[in-house]
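> Residue-level listing of the chains:
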Amino acid sequence: MGEPDVSGRPDGGHPPPDAGRPLVVALVGNPNTGKSTLFSALAGIPTRIGNYPGVTVEEKVGRFSHRGRAIDLVDLPGTYSLVPKSPDEQVVVDVLRGRLPGVPTPDCVVIVADATNLERNCFLATQTLELGLPAVVALTLGDAAEEKGITIDVDELSRRLSCPVVRVVAPARKGVGELGDRILAIAGSRPASPQGLARHAAAVDSRHDTAAREAIARYAWIEELLAGVVQRQTPSHRPLAERIDTVLTHRVWGTLIFAATMLAMFSAIFWLATPLMDGISAGVDAIAGVVEGLLPPGAIRSLVVDGVIAGVGGVVVFVPQIAMLFLFVALLEGCGYLSRAAFLMDRLLCGVGLGGKSFIPLLSSFACAIPGIMAARTIENPRDRLLTILVAPLMSCSARLPVYLLLCGAFVPNVAVGFSWLRLPALVLAGMYAVGVVAAAAVALLLSRTVFFGPPQPFVMELPGWRWPRPAVVLERVREAVWSFLQNAGTLIVAVSIVIWALASYPHDADAIAADVAARRGSLAARLAELPAADPDHAELSAELAAFDTEEGLEAARRGAAQRQSLLGRMGRLVEPIVRPLGWDWRLGCAAIASFPAREVVLGTLGVIYNLGDVDPGEEAGASALVRRLRAATWDGTSRKVFTLPVALSIMVFFALCAQCASTLVVIGRETNSWVWPVVTFTYMTVLAWVAAFATYQIGTRLLG
Amino acid sequence: MPASLDSASLEDLAVGSSARVADVSGDDPTTLRLLEMGLTPGVYVRVVGTAPLGGPLELELRGYRLSIRRHDAARVAIAK
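First to last, the sequence lines map onto chains A and B.
So the number in the numbering used here is just where the residue sits in the first sequence, counting from 1, plus 889.
So the number in the numbering used here is just where the residue sits in the second sequence, counting from 1, plus 623.
In case anyone wonders, no lab produced these hints; they're calculated from the structure.
Every residue gets a Cβ at the ideal spot worked out from N, C-alpha and C, and that includes glycine.
Treat each hint with caution, since some may be false.
As the list claims (entries may be wrong) - Below, computed lysine to aspartate or glutamate pairings styled on DMTMM-like, alpha-carbon distance capped at 25 Å: (1) LYS974(A) x ASP650(B); (2) LYS974(A) x ASP651(B); (3) LYS1530(A) x ASP1424(A); (4) LYS1530(A) x GLU1465(A).
Stated by the list, open to error - Pairwise CB distance ranges (calculated): (5) VAL1326(A) x ARG669(B): 35 to 41 Å; (6) GLN1084(A) x GLY677(B): 44 to 50 Å; (7) VAL638(B) x LEU1165(A): 43 to 49 Å; (8) VAL638(B) x GLY1077(A): 50 to 56 Å.
This is chain A alone, in the form it adopts within the complex (with noise of 0.2 Å):
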């Protein structure tokens, strides 16, 4: 204990890097310090991110040029000890010591010290000292700590620590200049590791284990070492920044304060994405009508223009939405309010078996899973951090609305429930995202006690002080997450919208095509004839039967039957022994099959089956006229209605728990780096699906009639 461990080293040293190659220097440092801003500043835009292999711990690469030397700078994850309890720690220990393979072993470390707790950050520095690399500290938040009254002697310091110390304002570029210069200077040398561990162990008490001993002794030695070197005056007046922090994690008001954050966040979300997705859609739909303009109509036309063009659209689509999300996440971790809201829900999350930490990625995941689950990285639990991404997709999307607004707004009847104000569509809503956010409870619940089993995971977090959010780390968060997704997601959901076209455009058998329409024809004359003129269904049932005698009215009868008797139709009728315990007919089977890699098709999907054609149930008429179809529509060769109010149930049931976003599935695989995890919750929630869609319907059915 206290010996530099130098194994991998055989001079004991370190061996002088050769002026060809770029220098490999290492950044760590404890999380909040003010790293990933120095990062910025010195090398600007990562050269390269990734995981380490084989672990999801993220590697984060730079590259710049100091007086004509190239270095590639590696940002290791922020840690709080080299003593490996967590995959992090344990990544930063094995790069330090050259022991990952494929990973060069640095030339030197740059720590990365803050300012204002300097004595729990000589934690980590007397650590990474002690393996014998060459250091140099970087001294940041220096402002914030003048603002809370300490000074700090570097020279004496840096004599203590028998390193060199840079004081370093990054958003400035202040003292970075420097901190290359020594960097340079230092890279080849063999420095001496400050002494006093072994001394201080000595006094330690034998009750704990090593490491907890270790601990001990380190912070007496640390203590030993700052004394004179850090002064601390009261300040004048309590900064800022402390008073704001009573107020923000006061148990009334900070609960309040975060309630309304919240609310603002997603508002603001609703707002500002909104129109940008809407413009992205018609853009895409005006490529899709300049592509359909210059091909022949045919097969090949169809593939690109309802196949990769719809695909590809539907990925960027989302884009708006997680640049959005990410950008207010990483404006919260910036400037430290994640922290407080994590401490404000950590005694609800712990009671179904989660963490506070889980929070945001679970509230993001309202809006869309995608950004949600990827933002469960703050999570360093690996057991808590899975468990939040399997249940995060229960939390009710945005996709799943307008599936909601148009069932409710169809088969609940509007009712006025106690208050005249509060009516039952409305409520019905809200229960659907109830359903969720109970779903995601018990399932938590359940894994936590079962498969996941295990002792409570600590909540040891910091609450850092507050700063500002440095742009340039907020925009590369944001440039990150877009980029990994539309690469990951964008790839699969091109080739499964292509899939799903194929299946619903062939096999193309236009005898069976026109004998389709022809049934479908006459069954619509034989109802007709049956119904008494003053039926409210009488109405509808005359217009589609009128518009078999219009150019588009047949246009779009022959796609319903194109579609019914493609692929796709078939396959629904081959699941409706599934899905009549559901209360549903085939077509609704079909519907549901092909939206499975993505739900926002669905209402489309049922507007060609009831031969609506191309309508858009995003707009008012489409909506209405998809509406109106729904309620006329009977089970095959009967007149009983398909749509009662147990069926739209069971259907909003099935897509508030279903896992259709074949996006979110590949974002689970590519954040577990594993395709196991994604086959399971697809899996379960499938399951979990039709089990409370038939629950749904046939309890619905009994108490309804």
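Given chain A, work out where chain B should sit, using these hints.
For chain B alone, kept in the frame of chain A given last:
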């Protein structure tokens, strides 16, 4: 592992008051984590606030703010 009955723990400390840490019990990663964050014997700790519904405590020590669950605060014995 809770502190022994005859000594008070961080959990019992009233909001706004400070105390010196006497010891941190336990042999698991949580104890090590608490020690590594600076909750070692001899350090002064002040309880700044608590989260609602029996949630975590907010502490001030060594010039920064740390939040830990009540359950974990129970293993930090404080000197009278």
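> Now, for every hint given, state plainly whether the structure supports it.
Evaluated hints:
1. LYS974(A) x ASP650(B): At roughly 13 Å apart (the allowed maximum being 25 Å), ASP650(B) and LYS974(A) satisfy the hint.
2. LYS974(A) x ASP651(B): 11 Å, holds
3. LYS1530(A) x ASP1424(A): 14 Å, holds
4. LYS1530(A) x GLU1465(A): 16 Å, holds
5. VAL1326(A) x ARG669(B): 35 to 41 Å: 37 Å, holds
6. GLN1084(A) x GLY677(B): 44 to 50 Å: 45 Å, holds
7. VAL638(B) x LEU1165(A): 43 to 49 Å: Cβ of VAL638(B) to Cβ of LEU1165(A): about 45 Å, so the range 43 to 49 Å holds.
8. VAL638(B) x GLY1077(A): 50 to 56 Å: Between VAL638(B) and GLY1077(A), where Cβ atoms are some 53 Å apart, the hint holds.
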